[in-house]
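Participant: Here's the letter readout for the chains.
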Amino acid sequence: MIQLNNIEKYYANKGIKNYVLRLVTTTIKQGEFVSIMGPSGAGKSTLLNIIGMLEEPTYGSYEFLGEDVTSLNERKRIELYRNHIGFVFQAYHLIDEMTVYENIEAPLLYKKVGSSERASRIADLLDRFNIVAKKDLFPNQLSGGQQQLVGIARALAAQPSIILADEPTGNLQSAQAEEIMTLFKKLNQEDGITIIQVTHSEKNAQYGNRILHIADGVVKEDVAVG
Amino acid sequence: MFKLNLKIALRSLFKNKVYAAINIGGLAIGLTAFILMLLYVNHEESYDTWSPQLKDVYQVREKHSFFSPDNEDHWQEINDSRMANLVRENIPQALAVTRVTADWGFSSGYSVKIAHADPVMVTGMKDADSSFFQVFPYEFLQGDSESALNAPKSVVLKESLARKLFGTEKVLGKTLKVLMWRNDPGTDLTITGVVADPVTPQSVGFNALMRTGEEDKVPESAGNFHYCQIYTKLNQVADTGALNQSLLKIYTDYQKKSLVQRKLQYNEIYKNGKTPGLKVIPLKDVHLNPPFKLSWVEKLRPVIGISIFLLVVSIINFVNLATAQSVQRAKEVGVKKVLGVYKRELIAQFLVESALQSMISLFLCVVLIEVVLPTFNHHFNVQLSFWLNPQLKTMLIQLIGLFSVVTLLAGFYPSWVLSNYNPVAVLKGSYESGLKGVVLRNGLVVFQFVISITFIIAIGIMHRQTQFMSNKDLGFERGELVNIKTNYDESFAEKLRKIPGVQYVATTTQVMGNAFNVPEEIIYKGKQLNMNTVTVSMDALPSLGVRVLQGRLFAKTYKQDTINTVILNEAAANLIDKKPVGKSYSIKDGDKSYVFQIVGVIKNYHNEGFDKAVLPTIYKVTHLGGTSSTNNLLLRLNTSNTGEIMKKVQSEWKQAYPDYPMEYKAMDDVFADVLKENNRFINMIVLFSILSVSLSLLGLFALSTFVAKRRTKEVAVRKVLGASNLQIINLLNRSFLLLVLIANLISWPIAYILVKKWLDGFAYRIDMPVYPFLIATIVSLVVSALTVSIQARKAANGDPVHALKYE
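The listed protein sequences correspond, in order, to chains A and B.
Take my numbering: the last position of the first sequence gets the number 226, and nothing is skipped along the way.
Take my numbering: the last position of the second sequence gets the number 807, and nothing is skipped along the way.
Honestly, the hints are just simulated from the structure, not real lab data.
Glycine residues also receive a C-beta, built at the ideal position from the N, C-alpha and C atoms.
There could be a bad hint or two in this list.
Calculated pairs, BS3-like style, for lysine-lysine (alpha carbon to alpha carbon, straight line, at most 25 Å) [as the list claims (entries may be wrong)]:
hint, chain 1, residue 1, chain 2, residue 2
1, B, K3, A, K112
2, B, K271, B, K257
3, B, K257, A, K112
Output of the computed footprint for chain B on chain A, the stretches with three or more beta carbons under 8 Å from beta carbons of chain B [stated by the list, open to error]:
hint, stretch
4, 47–57
5, 71–79
6, 104–117
Please construct the entire structure, taking both the sequences and the accompanying hints into account.
Facilitator: In structure tokens form, the structure reads like this:
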């Protein structure tokens, strides 16, 4: 599903190249649950951003679903966002002016899903995540764990084939974190959604089935779990 | 999706109530000023557009130097009545030509008497020949355009006047008795038609159109003239240029012939660059090009400029606030981008938001207009309305246009900034906007303040000039002086003199409120000089209370005063001789020459606005060399009990002229009228500057709030490091005060140039004072410091723990 070849990312500063990523080559298949781990500043987030096409690599090639997406025009990229990729953020990033219901509905509106279909999908997600009672609340009326549930529901609404999560539990207490990770595992196993997450926590990484250890921009280890 | 965007827009408006209010309120104020101006412009532009047939109607203008204050050639509306026939006979396209009494400007109306009722003054009574309604396509409610003026001594009323006089428009066949001056025996006119009031104003306006027969006559002798306005209806003229060329040729030929008959030399009259001229101009251009006066466009130009400025200032505020506020929406943009939203969709969304705000301001502005329109109308002496406007449709189209322009101007930049946020940066939480936005925002703040400070300086200087004018020595005593609007009649004057408390009764052609200048060329010691001549009665100069500089005033005891003596004013004396008393000059009248002896010099006295210098003037009582007279009967009272005496004067008048109401004005009021136009202008500037200053302060307030918010972390760190509250306030103030200071430096030269230009319009003016500049600087700095400090104090008093934990 994802094929990275010799991905490099550096920032040139006064002629000196500051490498963030060096010669990253890896393949991620459909249905995998990959955790990217490493110390602060190792380049985890940059790698995830490149996979999510939020940043472009300085060098190397990237194929997504068999298509070269190394540098993509806005139109193509947005089509991929609408149909294939769901993002989950550490700080949830729900839109403050929208209710829970509207936040989940937003991607569907952009994908131009019909209204009855929309309603049933949202009802389904609310039900599944047990947040039906919260649907008319605004994000600042929810706890962090609840906000992240909404964030995941939003990412799932468009029925993506892959979810990219940047420290999804970084702001959460451990009980809530456990809940979120269990949810991820369930989504991966039952619905076959590919998940790539960046995490600091060894415990969270154990929920997946593969860990990429990164240090100083280089993939040091690629181990299978469970 | 549109619905959702609208919802988001409304929610974020509610969330930031204060800023939304500032944004919308500010824009509404700017729009109100602009739309008021637009209403006025529309009103002026609507002149003579009440019928499509008016496009074939033209005004005839003759080039000559009569009635011109500077004695130069001008294209005048007031023509020799023979021009009507000239056009009718020589221009094949002329379907009809009509002569209408010229608007002389010093008659306020005629006395109209219906049966035995009390006489009433009716304004706008015009005299015309029988073709008037063949040229002007008025709609007849009673009678018909073909026959209405067929018979002499007929009159056509406008519906409004008919209703006012009779209470109905069914007035055909009734008679009016019209008195044009106070001892006019009166003319009985039969009403032969009633026309509908046109929806838009007319440059040839009237309330009643009479055919007394005066306008039918053409003087027999070539040396006699009757002056009137001439209008013609032409048959589909495509090219007025060609027509005007043939008119000029016809006119030149005619003038040559006519001058021969009058025993004058063509080459003598048309020398030194003077040329004969006759042309037609389309009726729609008449109102735009008044002879001798500034046209409304020229008069309005500063106002148009200011109202556009105000609109720009309010849009700037809007842009500034929206970009500053955009930080709050950055997350939304980032999230939407990764959810798969196109940039143009984002731009559209934010444009919808600014459209929403401008829509609300537009509604607010319509309400504001309804509120201020009565005051505005009163102030500018117009009858404007918004909803009842005949051009409501045009207005609405203009409003929609304005709405789109404002939305685009105000919304485009912020939406562009917003939609350009890089999602990675935004979602990581570091979205300080770049230096570029800051420069632009600061630039806009400076621009706003330049406008406001310029206004403040202008007000200061204008105020000084106004004080200077209202306290200026006029050269005559305006208290206890009354001017009755009538010409001098010795027997009536004698009756008034008998009233105790009346000191002098006199007449002059030159007094404030009604000055009539007769240019005359005198020869003094072989030199030719242009002077202004004023005919006065014996007592006129003492009754005005002028001051004598040399020699004496006229008096009955000097027999010579009714023969050939004159008095000069200072301006004239300066032209002639430092010590002119006892010397004499001559004037030439055809072959004859008259000699006048100068017996006195008086101090200049003001008889027009302060924008005009007092003309070099000769005052004379004698009939030698011709006299002139206008409707001025001066009454000098020697008591302050004016009301009591005027009652007695009134009753004398009623006995003498029962069919004509008396009109008079105290000179104090006349002087107030002279200052009025200027005061009106200054009031407007004051109003505009209050608006502009408050808009700028609102903008500054909102912007400082955001800066304070944005620098919360910096403030917290500094506090932890030991900065005092005052130091923090200073820190936040500094950058804004620098901007205001820069704005001051820029506005000084601008204000200097603009105000200098305004001052130059006055012949009597103050020197440019320095202190308004200093005051404007101090005021602007203090007020902005206070404004910023409100926010800075809040930031300084905040608990640093919150700000630092926030990460």
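Participant: Does each hint fit the structure? Answer for all of them.
Facilitator: Hint check:
1. B:K3 with A:K112: 14 Å, holds
2. B:K271 with B:K257: The given pair, whose Cα atoms are some 17 Å apart, holds under the 25 Å limit.
3. B:K257 with A:K112: Roughly 87 Å separates the two Cα atoms, so the pair is violated.
4. 47–57: The restraint on the stretch 47–57 of chain A holds, since 4 of its residues have a Cβ under 8 Å from chain B and three suffice.
5. 71–79: That given contact holds, which follows from 4 residues of the stretch 71–79 of chain A lying within Cβ reach (below 8 Å) of chain B.
6. 104–117: holds (count 6)
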